[in-house]
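I would like the entire structure built from these sequences, with the hints used as guidance.
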Amino acid sequence: MDLLANFALGLETAITPTNLFYCFAGVFLGTFVGVIPGIGPLAAISMLFPITFYLDPTAALIMLAGIYYGTTYGGSTASILLNMPGATSAAVTCLDGYPMAQKGRAGIALFMTTIASFTGGSIGIIMLSLFSPLIAEYALTFGPAEYFALMVLGLVAASTITNSTPSKGLAMVVLGMLIATVGIDSQSGAARFTFGSMSLMEGFGISAMAMGLFGIGEILSSVGAKRDGKIDKSSARLRNMIPSRDDWARSWRPGLRGSAIGSFFGALPGTGPSIASFMAYAFEKRISATPERFGNGAIEGVVAPESANNAADQTAFIPTLTLGIPGSATMALMLGALMVHGIQPGPTLISQQPSLFWGLVMSFWIGNLLLLVLNLPLIGLWVRLLMVPYHYLYPAILVFVCIGAYSVRSNPADVVMVLGFGVLGYVMRLADLPAAPLLLGFVLGPLVESQFRRAMVLAQGDFTVVMTRPIAGTVLALTALLLFWTLASTYLRYRRRTKTTLSAQG
Amino acid sequence: MVPDCKEGDRTRGEGEEELERNYRDAFAGLSLAIFGGAAVLYALSKYPMGTVTRMGPGMMPVTLGAILLVFGIIIAVPALFQRGERVELRFRALIVLSASILSFALMIREFGLVPSVFATTLIATFAESKVTLVRALILSASTALLTWSIFILGLGLTLPSYRWPF
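Quick note, the sequences are listed as chains A and B, same order.
Under numbering that gives the first Met the number 0, the first residue of the first sequence carries the number 0, and numbering increases by one thereafter.
Under numbering that gives the first Met the number 0, the first residue of the second sequence carries the number 0, and numbering increases by one thereafter.
Since the hints were made in silico from the structure, they are not lab data.
Treat the hints with caution; some may be incorrect.
Stated by the list, open to error - In the SDA-like style, the derived pairs of lysine to any residue whose C-alpha atoms are separated by at most 20 angstroms in a straight line are: (1) B:K129 - A:A224; (2) B:K45 - A:F194; (3) A:K102 - A:D245.
Here is the structure:
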């Protein structure tokens, strides 16, 4: 009954006209950028980040979250019609979605992904509302040592699991943490790496960094590159979208399994929607009686990953909101949005800000319902959007980034700083260095530093005290294991690659 | 801030040409190592380290710089023994778009929103040669109108929409 009271409270917050409007704006913009290949949720959230400074924290979070899960809905559209994922979490959807489109079943694929997304999202929301209070209550006993250990695990997991070269991901986390030390040190009051510049005293802003790395960096690397793709317009007519009885029969079980897999991987640090969709696809293929259909337009191969990535989108909020530890760069931005408003997410957030937490949860339901409407009857609109050439879109995106950067402090220097981070983002792309771990390190760096300091003061400088605390010790041991495993496997892969290089030469 | 933007050969491996060594990773790792090393030296000379119980402002930068140095080497050294792809740097996009953003930073205070957005959009269209001048002008004007209606009319940002400084 407690849960029902909380839902009622949340609904009350979520259906105020302001919050409804920002929820709609969020999911609409999310679908918009999700549909356009090349602009992911990170770029979209970064660009709109400054606007949320003017909103109250609940509305801000509702809108940013709406963009986030909205992109996942929209991302599948380009995957199915163009064989080009609109967002990375929709990459797996290409495998069977595009073959379906080639067979003239694009409409059915689009319909089923929307239903699967809604199912996955709903199950993810249920998981979020069931587990968050439990985890928060448990986390009340955590001290600085536990937080330090969990943050280190989060950073290591996020930079190693999804990257093909873990050493690069780890280096980027460290670089992000190093960049975060610029400015006044909160503990000692010393100015670090400011080189006598006044504007560096406050350090770099998270919005300038995110907009530069993901907004400008994205544009710099896609402008001038080759783009192509043709779309069959008729696929998006509503009457071509109705799935057969056979499609339904094949889909409901993969949808539920995908949701379960997605909920699990979404809540873990470092995995998130992309891994979740991949796992769900691999699992369906493994247990299928007819695995040879996968890759040739099997509906299960579309439903499972799409329900998984949407479930993961929702459960990703569990560690962010209950522990204050984001599992991905996108979640780090959500955390940043809260911290700008002076709210520090952690185990006390649910009890101290119940209307914010439950309002957000209920807005997810509303947002998912809105997305159902946006993606079924309005699918034609998005297909038409896919046909707008990129050379008309990027100048407008550029302008939005500039205005956003300037509006934070009405300081033109901030725009130049965004450009600086944009060039850094471009160079990093060229050098094949991932930008997401950099942002995560930047956000978590100062928190890791202060928790470590506190833990060391409590332990009187003895690190073994931290290691022997049951939870902190276990988490650190897990981190060490993960680190060892990834570095060892990279080394083995490198040796294999070098061997083939040598034999190719010889 | 950008440690490795001078090197000439990079990006977007369309995989047309293979190189003897993976210069991309070698340069990336080397730049990171130099950046980390520089941070260590600078922090050591300027900020007190403190003790583990009472950490000084230098502890974190020195530790992080040292880890970055190690990872830089881990990235760079194996790359010397691997084959790599040629990386292509698109100077045109980089220069034109930088000019476009800088024009916004320089104009926004003096001229206000509408002229700045117009100029930024117009310059940005030159990054690709796909848009004719007439269409670029139409695009710039409509972007200016759109941003004006969103940010000044809609969100009520305290920004002058038009100004003539002379």
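Between the alpha carbons of K129 of chain B and A224 of chain A, is the straight-line distance 20 angstroms or under? 12 angstroms, holds
Given the hinted pair K45 of chain B and F194 of chain A, is their alpha-carbon gap at most 20 angstroms? Satisfied, since the Cα-Cα distance of roughly 11 angstroms is no more than 20 angstroms.
Check whether the Cα positions of K102 of chain A and D245 of chain A lie no farther apart than 20 angstroms. 16 angstroms, holds
Consistency note: the structure conflicts with none of the earlier hints.
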